[in-house]
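Relying on the hints, combine the two individually framed chains into one complex.
Single-letter residue listing:
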Amino acid sequence: MKTILVGDITLAVKKLCMEACVILGEDVLQALERAYASEESPVGREILGRIIENAHIAKTENLPLCQDTGMAVLFLEIGQEVHFEGGSLTDAIHEGVRLGYRDGYLRKSVLHPITRINTGDNTPAVIHTEIVPGDGLKIIMAPKGFGSENMSRVVMFPPSAGMDGVKEFVVQRVEESGGNPCPPIVVGVGLGGTFEKAALLAKKALLRPLGTTNPDSLLAELESDLLDRINRLGIGPLGLGGRTTALAVHVNAYPTHIASIPCAVNIQCHSSRHREIEL
Amino acid sequence: MNNEVRHIVAPLESRLVGELRAGDKVLLSGTIITGRDAAHKRMTDLLKAGEPLPFSIKGETIYYVGPTPAPPGRPIGAAGPTTAYRMDAYAPLLIEHGLKGMIGKGRRSEEVKRAMAQWGAVYFTSVGGAGALISQCVKQADILAWEELGAEAVRRLVVEDLPLIVATDVHGGDLYISGPAQYRR
Chain L
4 MKTILVGDIT LAVKKLCMEA CVILGEDVLQ ALERAYASEE SPVGREILGR
54 IIENAHIAKT ENLPLCQDTG MAVLFLEIGQ EVHFEGGSLT DAIHEGVRLG
104 YRDGYLRKSV LHPITRINTG DNTPAVIHTE IVPGDGLKII MAPKGFGSEN
154 MSRVVMFPPS AGMDGVKEFV VQRVEESGGN PCPPIVVGVG LGGTFEKAAL
204 LAKKALLRPL GTTNPDSLLA ELESDLLDRI NRLGIGPLGL GGRTTALAVH
254 VNAYPTHIAS IPCAVNIQCH SSRHREIEL
Chain R
95 MNNEVRHIVA PLESRLVGEL RAGDKVLLSG TIITGRDAAH KRMTDLLKAG
145 EPLPFSIKGE TIYYVGPTPA PPGRPIGAAG PTTAYRMDAY APLLIEHGLK
195 GMIGKGRRSE EVKRAMAQWG AVYFTSVGGA GALISQCVKQ ADILAWEELG
245 AEAVRRLVVE DLPLIVATDV HGGDLYISGP AQYRR
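Residue numbers (my numbering), protein chains in the order written: chain L, 4 to 282; chain R, 95 to 279.
The following block holds chain R by itself, in its conformation from the complex (with noise of 0.2 Å):
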């Protein structure tokens, strides 16, 4: 794996996404959106019934996150990533739909993994039961949706060197996979 810490900006490049290697270590800045399991349950039930999305998705990356309340002069509370399983029955609608980017914590099917090689989209990982130290990533949150859904509404975020693992790539790497081998006895 690459020891290099490589600086990247969201929304995504298709150049990026593609060059992108299970293993990478990155620190993401620009603007990203969130979404969880009630959100991803939203908005798949509208593009299923051919109905537009409050926000776009188009090139985005999202990032599965239900942060707890901001305190008085934060912009966030604690943000580390929720477990993306949960969201694989959803996400390759949305990676058709030109999602490019997805951060959360824990292995993807290989229905999603189809649809990242198929589509061209990238799954990073946050630090998982981080959420004091990525809020520090975090300079601005503001509600773009839903916001009826508490700490699950969507939010768009500015983030700043958001350390991340790539760790599903559009080739097939997956270092859930290939970690845990190196390391297995």
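Just chain L, with the same shape it has in the complex (with noise of 0.2 Å):
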């Protein structure tokens, strides 16, 4: 057994808020870099140099890549031989994003959905977790902007609507959202469980590193398929036009019920920012 005290986990929470909101990660650069060489859309390939631009000002003057510092959304994996000592986890996960907004400069974007009050904080947090085997903690942390997540749908097909459907419904989402959720986007499909598996299963797809190919080969195949038709869109950079429209398509399948397809899409804007750190 393993004790990780709760004091720590705030602290960790704290620097990944911090840093997920101003330094984007490597592989994302990379795609980006890949777009910007290949893209043949003049204005395209000006706003890739400037999202380019803009990751290395962030990153020197420690400022946030993107107003829309988002909702913070936190994966806990953790193993079943951890305790945790010194108080509530939950509270300490909520404490540690309290902290990371205040003292980062991050815009405290969470409010009540009916009043419309803001928490004045950013919490709470969206919290995820999963108890995995052996003694040890990840926490990823997902900073999610809504410009890309109000463009995310979940639809339950009938088995009748088959892969057909399902690759349609992608396309046609990622063409109806255009320029709002600032492409190029990652397109995040969640295929199969239930009705909140799906799209998590979604979200989730959006944590794997760009570049990767998907182990499941008829996945992958699947994934491949989809990025190029969404890139024949024609839509392009924030949605001025242009090859780049997505720079990937991830998609997580669970098993589902005899009378579903489940599809969950959520996109992720190019601002792609996770962090995760392993205590």
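Check the hints yourself; a few may be wrong.
Unchecked claim - Label pairs and their calculated CB-CB ranges:
| id | chain 1 | residue 1 | chain 2 | residue 2 | range |
| --- | --- | --- | --- | --- | --- |
| 1 | R | Pro-166 | L | Ala-223 | 40 to 50 Å |
| 2 | R | Glu-145 | L | Ser-41 | 45 to 55 Å |
| 3 | R | Leu-140 | L | His-115 | 19 to 29 Å |
| 4 | R | Val-99 | L | Ile-120 | 25 to 35 Å |
| 5 | L | Gly-90 | R | Ser-203 | 24 to 34 Å |
| 6 | R | Gly-124 | L | Glu-178 | 28 to 38 Å |
| 7 | R | Leu-147 | L | Ile-261 | 52 to 62 Å |
| 8 | R | Leu-147 | L | Glu-64 | 30 to 40 Å |
| 9 | R | Glu-145 | L | His-115 | 47 to 57 Å |
| 10 | L | Ser-41 | R | Ser-203 | 28 to 38 Å |
| 11 | R | Arg-115 | L | Phe-149 | 26 to 36 Å |
| 12 | R | Arg-250 | L | Lys-141 | 22 to 32 Å |
| 13 | R | Arg-279 | L | Phe-149 | 51 to 61 Å |
Treat the hints as calculated values from the structure; they're not laboratory data. Beta carbons are placed, not taken as given, at the ideal position from N, Cα and C, and that holds for glycine.
Take a look at the structure:
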């Protein structure tokens, strides 16, 4: 058994919030640079150049990449041999978010859905926990901006819709979103499970490093087919026309019920931010 | 599309609004105001009630932005555009009351485009998601109204060489339609 003090989790979450909003992952930068090299639209190329420049300015000036520093989404993979001490794990995570958004000069975008009154400190976070074997603890912080979150959808297809129906839906969702989600986007697709499982699969698909191939060959083929169709839409960087509409399509699948094909599309803007730590 | 970059000044002159064409690249300097969802609702509620706004929108350009808090020594934090369609329900009334320019990201509704053509207003897009880069162009930021809205408060910004692209012009040109149409296959 391993003991982890929740105070250490607060400090880790605070640091993750401050870094995730400022430092763009190498995989994303590389994908943007590949897109810059291949984009045919002059406007699209110029925009990609500015997006890359923005990442360098953010890092050197310690400024957030985007003013929408998002709602804090945290994934915790908790080893079943881990024991937490020093208070509530949930409270410790929220405290980390509160401190990170305060000390990192990040935007507080979280409010009550009916009164629209801001909570003032960007809490509560959305926390997903998973119990895994071992005595490790992995925390992933993925701040989610809502320009792209608003473009996401879940649909419960009848089996008769088949994969053609699923593909059509994913491509159409991207087309209808146009420039709203700040393309080039990453498209997370969750296929199967239940209503909420599909959404979570799609969200988690966004965490996979860009440039990696899905280990499941069936899904890899689906990803490549969808990416090709999406990049033929012509939407381009920020929706002003071009070849680079999506940097990647990532699909996660899970067995589902005989009566359904649940399908979730979670759209991620080019500021594909996530940062992780292992304790 | 015109490849030359044009330097323009805000508040925008009416003549200039008529000259700009979708696809034009511009560098904007001068003063603009900010406002997004909550401020638009308040402005619209006041105008519909026949009450005065706490600031003038006549001739102004409004930037749809909710910046991050200014770190010490800076006028503003990250300051990229937010998605414009959420302001579509409010924009026609503001244009009717003299708003000349809007800066945001994403395409606009037919109602907004009609109001733009009728009253003479232009819609620019700045680089979505480039909050740190755009921050460098903001030289001064002061709260004009509704400070309690936090990031959504209305601010007056002094900007210098803010890089923009004309997305929708008064003549019906719309780069969100013509751009993708050119590259679709």
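Here is how each hint holds up against the structure:
no., hint, result
1, R:Pro-166 <-> L:Ala-223: 40 to 50 Å, "holds (48 Å)"
2, R:Glu-145 <-> L:Ser-41: 45 to 55 Å, "holds (54 Å)"
3, R:Leu-140 <-> L:His-115: 19 to 29 Å, "holds (23 Å)"
4, R:Val-99 <-> L:Ile-120: 25 to 35 Å, "violated (43 Å)"
5, L:Gly-90 <-> R:Ser-203: 24 to 34 Å, "violated (50 Å)"
6, R:Gly-124 <-> L:Glu-178: 28 to 38 Å, "holds (36 Å)"
7, R:Leu-147 <-> L:Ile-261: 52 to 62 Å, "holds (59 Å)"
8, R:Leu-147 <-> L:Glu-64: 30 to 40 Å, "holds (34 Å)"
9, R:Glu-145 <-> L:His-115: 47 to 57 Å, "violated (27 Å)"
10, L:Ser-41 <-> R:Ser-203: 28 to 38 Å, "holds (33 Å)"
11, R:Arg-115 <-> L:Phe-149: 26 to 36 Å, "holds (32 Å)"
12, R:Arg-250 <-> L:Lys-141: 22 to 32 Å, "violated (45 Å)"
13, R:Arg-279 <-> L:Phe-149: 51 to 61 Å, "violated (31 Å)"
In the structure shown, a violation is registered for the earlier hints numbered 4, 5, 9, 12, 13, in ascending order.
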